[in-house]
Amino acid sequence: MRVVIGEDEALLREGLALLLERGGFEVVALAPDAETLVRLAREHAPDLVVTDIRMPPTQADEGLRAALAIRAERPETAIVVVSQHAQRRYADELLAQQTAGAGYLLKQRIVESEQFCDDLRRVCAGGIVLDPELVSVLLGRARPDGDPLHELTERQREVLALMAEGLSNSAIAARLTITEKAVVKHVANVYDALGLTPGADDHRRVQAVVRYLSS
Amino acid sequence: MHWASSVRTAALSGNGPGTRVGGDLSPVAGASAAIVALGAVEAVLLFDQPDAPWQLALFIVAAWTWFAAGVVAARRRPGNRMGAIMVVGAFVWLGAGLANAPLAALSAVGLVVQLLPLALVVHLLHAFPSGRLRGGASRVIVAGVYTAALLLHAPAYLFAPGDAAATLQLADRPDLVTLGATVQDTIGGALMVATGVLLALRMRSATQAQRRLLAPLALYGIVAVVSTPLLSRLLDGAPLAFFTAQTLLLTGVPVAFAAAMAIGGFAPTAGVAQLSAWLGAADNAPATLRGAVADALGDGSVALLLWAGERWVDSDGRAAALPDAGATDAGRPVAGAGGRGPRAADAGRRGADAESSGRGVALVEADGRRVGAIVYDATLIADPAPVAEAAAVIALALDRERLTAELRVSNDGLRDSRARIAAAADAERRRIARDLHDGVQGRLVLLALQARELSRSDDAGPAARAEAARLRTELEAALGTLRELVQGVLPAALVERGLGAAAHDLADRMPLPTTVLAGDERFPPAVESAGWFVIAEALANAVRHARARRLDVRVQWAGGGLLIEVRDDGGGGAAPAPAGGLAASGGSGLRGLADRLDVLGGRLRIESPPGGGTLIVAEVPCGS
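Top line first, the protein sequences correspond to chains F and B. Heads up: the first sequence is residues 1 to 215, going by the working numbering. Heads up: the second sequence is residues 1001 to 1624, going by the working numbering.
None of these hints come from the bench; they were simulated from the model. Note that the Cβ used here is the ideal one computed from N, Cα and C, for glycine as well. Some hints could be false.
Unchecked claim - Label pairs and their calculated CB-CB ranges:
1) 1439(B) with 99(F): 31 to 37 Å
2) 1440(B) with 175(F): 30 to 36 Å
3) 150(F) with 1524(B): 21 to 27 Å
4) 1544(B) with 118(F): 37 to 43 Å
5) 170(F) with 1524(B): 26 to 32 Å
6) 1563(B) with 175(F): 45 to 51 Å
7) 1458(B) with 145(F): 54 to 60 Å
8) 1435(B) with 23(F): 40 to 46 Å
What the hints assert, rightly or not - Example chain F residues on the side facing chain B (calculated, C-beta under 8 Å, incomplete):
9) 11
10) 15
11) 85
12) 87
13) 136
14) 137
15) 153
16) 156
What the hints assert, rightly or not - Going by beta-carbon spacing under 10 Å, a handful of chain F positions derived as facing chain B:
17) 61
18) 110
19) 180
The shape of chain F in the complex, shown without the other chains (with noise of 0.2 Å):
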């Protein structure tokens, strides 16, 4: 898989790369800004964008904006964005334009890296992957009472929350320890108590939970 790594600190862009490549991936560009990704993008025509959120010249959200702007020229392309900061709106506006797999992580996922190149893995065949913290904040808003979230027991937190960082039925399991078939029990009560049609795929699933758990 072909990627290009958008970083502006070169230490951790290079300790990037490395790790990338151990994991197995191809790295065909390094950029240290998000024109030079943009136009890299557009060159290398990538599997995978990796971009930190916040890159020069106004260290804002450029490199959110950038990928957002390649996916938009390369609907295919696979994109995830890191930060230090989980926020829903980002998770929102990636969410919104989804034609191939995303991800938002912090970027202390990256120390964790054979999972880091897992959930780019997942990203890169076509999944949703979302930070443990974004979602943890999705979940954690604090609502009015009698809001169908409140009526979820434990068990079902936890599965709509694993559901929201983008994990399949047999995933959830696995995290679990508990079988995928009461993992199915536990997503279609869920679905019933938020009052959601079940997705078609995982994808949508994420998409369906998101929007469910950001408005």
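We have chain F already, so just place chain B on it with the hints.
Same frame as chain F, but now just chain B:
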């Protein structure tokens, strides 16, 4: 010049500075008596002849009309010489009428001055609106017109055709009369063309309002003068009809000028006496000092400048410049008030010389110190004396205004420097947060990564691996702390997307349902930082103290600045002002916020009726 001295002697208002006060009627009364009496005597003389046509009365009518117009103009604007010229014109009309008197000596006077009324009309045209001739061209033309009316008219009576009995006749030489008339017409015509050109040029630099007034006036004056030779040819066979038409036309001229001075941009002058009275009144506001001076001088364009030690400023403390007229010899004492009384004599000489800019300047001094200046329209007020007088009268009031402006400037300076310090502190905080975010965090991530790899490396012994695993945990904890620190100083959403996004991000992490109404507009960094701290502190306060069930945040542009409203539905009863009481109810953070906002020129307001929830409103102007 001959005309000038005659103007001075007869001028109603020419009795020097100091005694000219609005409403002083005694010279007017004297002149009125004279013109009425002289007119009556002349009427008796003229009509004491057989077959005297009634039209002779028009001389008297014209004289009285010119006089009345002159008095109206002079009373309306005491410092203005237009009225004086008209009054001189009244006497000239009486003189011209004498040409028809039965006495040879009087008739001779009349013949000599016969054409002077025309010259006076031209004089009025050039002198409007101040009554003074502006520029060398005007002086030359008016002198030429008086010459043409007096000297070039001489052949008409010296060589008059007919028998030798005619007054002043030297010889019966019709050819010389014709020659003289041709020369007079040619020169007179040329002077009128020059007058037309000059007035047109002047109109180009006049204001729109003045132009509307000047154009018809100039046209009327020129037509009145030029039509005289034309009418005389047209109405050759009917001399009385010609005379009637000409006299009526010329009689209307001063009326038109006086009317023009009473309307448009030429306001009446209230007089310096009224200015003094106004200053004496207890409740006058400094802001209206300019208005009072403008009323006193009848010049709506009057501006008051203040001397701030080394530069000129306006009453708001903004830097200002003197017009060209006053840009020279700044140290000269000009007008003063205080122990030694007004020294106003030559205050406005600059003004009189201010032909280039059209603005005059009278310096104002108090106790020998310069405090300010009156800048006025020198094309409107030719006589600097009343301005100098006004300068002396307002000296102390203007000094007070100067001190106020100084205070305001230093106050603004203080506020500006505080704001600069706050902005610098904010910028420094942002820089540190950014450095931490961009550099240190990335390195810690890499270090943690390496520690983790080491902890799983086969090359390391079990003890080293355990140590590396512990190191990784520590590094990740440090990373977490650093993230919190950076987020607390410079929230990611704030720096990346602005206050609205930061408010949403805050709300997402609130333990109470929190709605946010905010757009994506950006504000200056210091304002955004202050705004974010307001929202964060107000929300935290509500969560801690208000026993609220829901929170509302609004962030918007309003009235050229940032408006933040944070509302809860809790118990209310928080202190109404961010002083003292708030600290008692746990709002010491709000006190700090109030200070923060104050530095930016903003303010914090708290509404917290018992049982009615609490509303915190912060406003920060974003003007500059």
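Taking the hints in turn, this is what the structure says about them:
Between residue 1439(B) and residue 99(F) the beta carbon distance is about 35 Å. The supplied range of 31 to 37 Å therefore holds. Against the hinted window of 30 to 36 Å, the Cβ-Cβ separation of residue 1440(B) and residue 175(F) comes to about 32 Å, which satisfies the hint. At roughly 42 Å, the beta carbons of residue 150(F) and residue 1524(B) sit outside the given window of 21 to 27 Å. Restraint check, residue 1544(B) to residue 118(F): a C-beta distance of roughly 42 Å satisfies the suggested window 37 to 43 Å.
Restraint check, residue 170(F) to residue 1524(B): a C-beta distance of roughly 52 Å breaks the suggested window 26 to 32 Å. The beta-carbon spacing between residue 1563(B) and residue 175(F), approximately 47 Å, falls within the hinted interval of 45 to 51 Å. Taken as a hint, the range 54 to 60 Å holds for the pair residue 1458(B) and residue 145(F), whose Cβ atoms sit roughly 56 Å apart. For residue 1435(B) paired with residue 23(F), a C-beta distance near 30 Å fails the hint of 40 to 46 Å.
Among the interface hints, the one on residue 11(F) holds; its C-beta lies about 6 Å from the nearest C-beta in chain B, closer than the 8 Å criterion. For residue 15(F), the suggested interface contact is upheld, since its CB lies about 5 Å from the closest CB of chain B, less than 8 Å. For residue 85(F), the suggested interface contact is upheld, since its CB lies about 4 Å from the closest CB of chain B, less than 8 Å. Look at residue 87(F): its Cβ gets to within about 6 Å of chain B, closer than 8 Å, so that hint holds up.
At its closest, the beta carbon of residue 136(F) sits 10 Å from a beta carbon of chain B; the interface hint therefore is violated under the 8 Å criterion. Annotation: residue 137(F) was flagged as interfacial toward chain B, and the flag holds, the nearest CB pair being 5 Å apart, inside 8 Å. Hint status for residue 153(F) relative to chain B: violated, with the closest Cβ pair at about 21 Å, above 8 Å. Given the 8 Å rule on beta carbons, the hint for residue 156(F) is violated: about 21 Å separates it from the nearest Cβ of chain B.
With 10 Å as the threshold, the beta carbon of residue 61(F) comes within range of chain B, its nearest partner Cβ sitting at about 4 Å, so the hint holds. About 6 Å separates the beta-carbon of residue 110(F) from the nearest beta-carbon of chain B, less than 10 Å, and the hint is met. For residue 180(F), the interface hint is violated, the least distance from its beta-carbon to any beta-carbon of chain B being 30 Å, above 10 Å.
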